[in-house]
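Heads up: the protein sequence lines correspond to chains A and B, in order. Take the first sequence: its position 303, counted from the start at 1, is 311 in my numbering, and no numbers get skipped. Take the second sequence: its position 102, counted from the start at 1, is 110 in my numbering, and no numbers get skipped.
Treat the hints with caution; some may be incorrect.
One copy or two, it doesn't matter: identical chains are merged, so the pair holds either way.
Calculated pairs, SDA-like style, for lysine to any residue (alpha carbon to alpha carbon, straight line, at most 25 angstroms) [what the hints assert, rightly or not]:
| id | residue 1 | residue 2 |
| --- | --- | --- |
| 1 | K182 | V318 |
| 2 | K235 | T112 |
| 3 | K182 | G321 |
| 4 | K77 | Y91 |
| 5 | K77 | P52 |
| 6 | K225 | R276 |
| 7 | K225 | M42 |
| 8 | K235 | G170 |
| 9 | K66 | W334 |
| 10 | K220 | V96 |
| 11 | K77 | E172 |
| 12 | K66 | P52 |
Think of the hints as simulated: they come from the structure by calculation, not from any bench.
2 protein chains.
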Amino acid sequence: MQLDFIYLSREDLVECGLLDFDAALSDVEAVLRMMARGEVVMPPKIAIEIPQPDGRQKGHLVAMPAYLKGLGVAGVKWAAGFYTNPSVGLPHGLDLVILSDPETGRPLAVMEGALITAVRTGAVAAVGAKYLAPDGASAATLVGAGVVGRAAAHALVRALPGVELFVYDVRREKAERVAREVGASAAGDLRAAVERSDIVVTATSAQSPVVKDEWLKGNVACVEIGKNEFEDATVLRADLVVVDYWEQVVSREWTSLSRLWRQGLLKRVERIADIVARGRVPGGGLRFFSPIGMACEDIIVAQRLYRRAVERGLGTRLPLWRATDWI
Amino acid sequence: MQLDFIYLSREDLVECGLLDFDAALSDVEAVLRMMARGEVVMPPKIAIEIPQPDGRQKGHLVAMPAYLKGLGVAGVKWAAGFYTNPSVGLPHGLDLVILSDPETGRPLAVMEGALITAVRTGAVAAVGAKYLAPDGASAATLVGAGVVGRAAAHALVRALPGVELFVYDVRREKAERVAREVGASAAGDLRAAVERSDIVVTATSAQSPVVKDEWLKGNVACVEIGKNEFEDATVLRADLVVVDYWEQVVSREWTSLSRLWRQGLLKRVERIADIVARGRVPGGGLRFFSPIGMACEDIIVAQRLYRRAVERGLGTRLPLWRATDWI
Numbered sequence: 009m010q011l012d013f014i015y016l017s018r019e020d021l022v023e024c025g026l027l028d029f030d031a032a033l034s035d036v037e038a039v040l041r042m043m044a045r046g047e048v049v050m051p052p053k054i055a056i057e058i059p060q061p062d063g064r065q066k067g068h069l070v071a072m073p074a075y076l077k078g079l080g081v082a083g084v085k086w087a088a089g090f091y092t093n094p095s096v097g098l099p100h101g102l103d104l105v106i107l108s109d110p111e112t113g114r115p116l117a118v119m120e121g122a123l124i125t126a127v128r129t130g131a132v133a134a135v136g137a138k139y140l141a142p143d144g145a146s147a148a149t150l151v152g153a154g155v156v157g158r159a160a161a162h163a164l165v166r167a168l169p170g171v172e173l174f175v176y177d178v179r180r181e182k183a184e185r186v187a188r189e190v191g192a193s194a195a196g197d198l199r200a201a202v203e204r205s206d207i208v209v210t211a212t213s214a215q216s217p218v219v220k221d222e223w224l225k226g227n228v229a230c231v232e233i234g235k236n237e238f239e240d241a242t243v244l245r246a247d248l249v250v251v252d253y254w255e256q257v258v259s260r261e262w263t264s265l266s267r268l269w270r271q272g273l274l275k276r277v278e279r280i281a282d283i284v285a286r287g288r289v290p291g292g293g294l295r296f297f298s299p300i301g302m303a304c305e306d307i308i309v310a311q312r313l314y315r316r317a318v319e320r321g322l323g324t325r326l327p328l329w330r331a332t333d334w335i
Numbered sequence: 009m010q011l012d013f014i015y016l017s018r019e020d021l022v023e024c025g026l027l028d029f030d031a032a033l034s035d036v037e038a039v040l041r042m043m044a045r046g047e048v049v050m051p052p053k054i055a056i057e058i059p060q061p062d063g064r065q066k067g068h069l070v071a072m073p074a075y076l077k078g079l080g081v082a083g084v085k086w087a088a089g090f091y092t093n094p095s096v097g098l099p100h101g102l103d104l105v106i107l108s109d110p111e112t113g114r115p116l117a118v119m120e121g122a123l124i125t126a127v128r129t130g131a132v133a134a135v136g137a138k139y140l141a142p143d144g145a146s147a148a149t150l151v152g153a154g155v156v157g158r159a160a161a162h163a164l165v166r167a168l169p170g171v172e173l174f175v176y177d178v179r180r181e182k183a184e185r186v187a188r189e190v191g192a193s194a195a196g197d198l199r200a201a202v203e204r205s206d207i208v209v210t211a212t213s214a215q216s217p218v219v220k221d222e223w224l225k226g227n228v229a230c231v232e233i234g235k236n237e238f239e240d241a242t243v244l245r246a247d248l249v250v251v252d253y254w255e256q257v258v259s260r261e262w263t264s265l266s267r268l269w270r271q272g273l274l275k276r277v278e279r280i281a282d283i284v285a286r287g288r289v290p291g292g293g294l295r296f297f298s299p300i301g302m303a304c305e306d307i308i309v310a311q312r313l314y315r316r317a318v319e320r321g322l323g324t325r326l327p328l329w330r331a332t333d334w335i
């Protein structure tokens, strides 16, 4: 008996609504609520670190499985992040997602995963900004207009209606392009933009802080998509530190949060899932959110796109086998 | 810029030599030697257990990543094992393998993985039998003629030339078919077959022991592909207990080895990789080998098939994307 699954390329996914950021935002909120209710089975992701000949990190390959009990879907993202890729004309991230039926384990679909990753990451940042924004927030700065920053820009303008968005990038033309695309303003002076913002989202590949603590307003929500983009001082004086998956954060040696935690300097850390389940955090102060990215976010988006593809007959049908007597 | 990978169905893989058991045996020996030399990066696999409504286990989905440094290839197997599948006309195992370039993280191929799993599992069992067989071994019994048992039969007759093979299955016609296919004899009486065998390999889905300790010869190699197919007494009196990946074995609550180890009853345990690197274990006594299965075995076989597919232009070429400005 022939057994099939479908393959969805990036073009197929876009046709199925991958760039519908309203849908991505509701997917992410929905799956965080499921997580808060204990309906997500998601072991920590496992990474293979790949060094360069000189010992510095070249990249990593990460297996990220998740099972969404309530939705009846499971899957895995196999995610590559290679710092040296841009120098050979490839993107930093190259991912595939496999979606599986949790009743039988049967693969339902394989999908291009890097744009799913960018979109859900942007949506997670925007959900964090929405739930952690101080009362009366009216301006936001996005630092970084690469592929993830661009997705974050789309998600932020939808999640924060009425909030003015400034987009900054060390390459001004990238900031301008993204700002134009989402109806935001490009910022030429990062400091000035941050100083007037109630929300600051960073999505850079920087290896050291890009936002100085002294630039931040007293009441501000910081969302760090990259790593170590804010100064330790900011994390240490935050009134509220929020993560997505604490066991993952502390297992990563290179995050500032895990370093500060190992030094005994971090106190209370909350989960974004619990915050979304409870509702927006009122008041002000400094709120700091550092999402590391979770498989459940990829799988819920992938499941929506898969359903749409099946409804519309999109994608490439592939046989596991046509006929086999090895069964 | 369009970026492609290839998909290889079971038929494509067979055309590329998946059923070449000599090649599978040398792949498995080669990767075990790499492992002994520390050239394999392989974090423990991560499993999502999926229960039935009554709480009994329905199945599991397992992410198994590995990076073979010497060969310059990495990948992951996403493996499903569902006990309830045969009742709905599906095989117990449904797997996909993704092969990746460790220089860039780029996916090179997606492949049907269940037949790769069966073939490499059979090859691992036969490699174990070859290295652990007592001096002068002349007869072997294989218990279980399902898809993995069938692969083990093919691998055993190649790894153990001159050794007479008996194949037993509770369904006699399955044993006869497999025996005929590999030039072995079907055994009607399991006890009689085991009593005259120097090697006993079990590949069943039994949940309790199928081989009684009292049937075993004094000098014998036991290879347990399934779980708990031998009695505790056999494990406890073994002169040599061999596993593939000890951290995995002890993390699995349901293996007899992990239970006996937690009870403090297991002494010395050796790795099959170290044994293969050193050479066949001479002499006699009772040797017990329980492989849990390792991603590196899947990846080395997948890499050989991928290379052949590229040489011969086989498989379905699929785009990650055709053209994208989200990059």
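A quick look at each hint next to the structure:
{"no.": "1", "hint": "K182 with V318", "verdict": "neither (36 angstroms within a copy, 38 angstroms between copies)"}
{"no.": "2", "hint": "K235 with T112", "verdict": "between (38 angstroms within a copy, 21 angstroms between copies)"}
{"no.": "3", "hint": "K182 with G321", "verdict": "neither (36 angstroms within a copy, 40 angstroms between copies)"}
{"no.": "4", "hint": "K77 with Y91", "verdict": "between (35 angstroms within a copy, 19 angstroms between copies)"}
{"no.": "5", "hint": "K77 with P52", "verdict": "both (17 angstroms within a copy, 24 angstroms between copies)"}
{"no.": "6", "hint": "K225 with R276", "verdict": "within (22 angstroms within a copy, 62 angstroms between copies)"}
{"no.": "7", "hint": "K225 with M42", "verdict": "neither (33 angstroms within a copy, 55 angstroms between copies)"}
{"no.": "8", "hint": "K235 with G170", "verdict": "neither (28 angstroms within a copy, 61 angstroms between copies)"}
{"no.": "9", "hint": "K66 with W334", "verdict": "between (40 angstroms within a copy, 23 angstroms between copies)"}
{"no.": "10", "hint": "K220 with V96", "verdict": "neither (32 angstroms within a copy, 60 angstroms between copies)"}
{"no.": "11", "hint": "K77 with E172", "verdict": "neither (38 angstroms within a copy, 49 angstroms between copies)"}
{"no.": "12", "hint": "K66 with P52", "verdict": "both (22 angstroms within a copy, 22 angstroms between copies)"}
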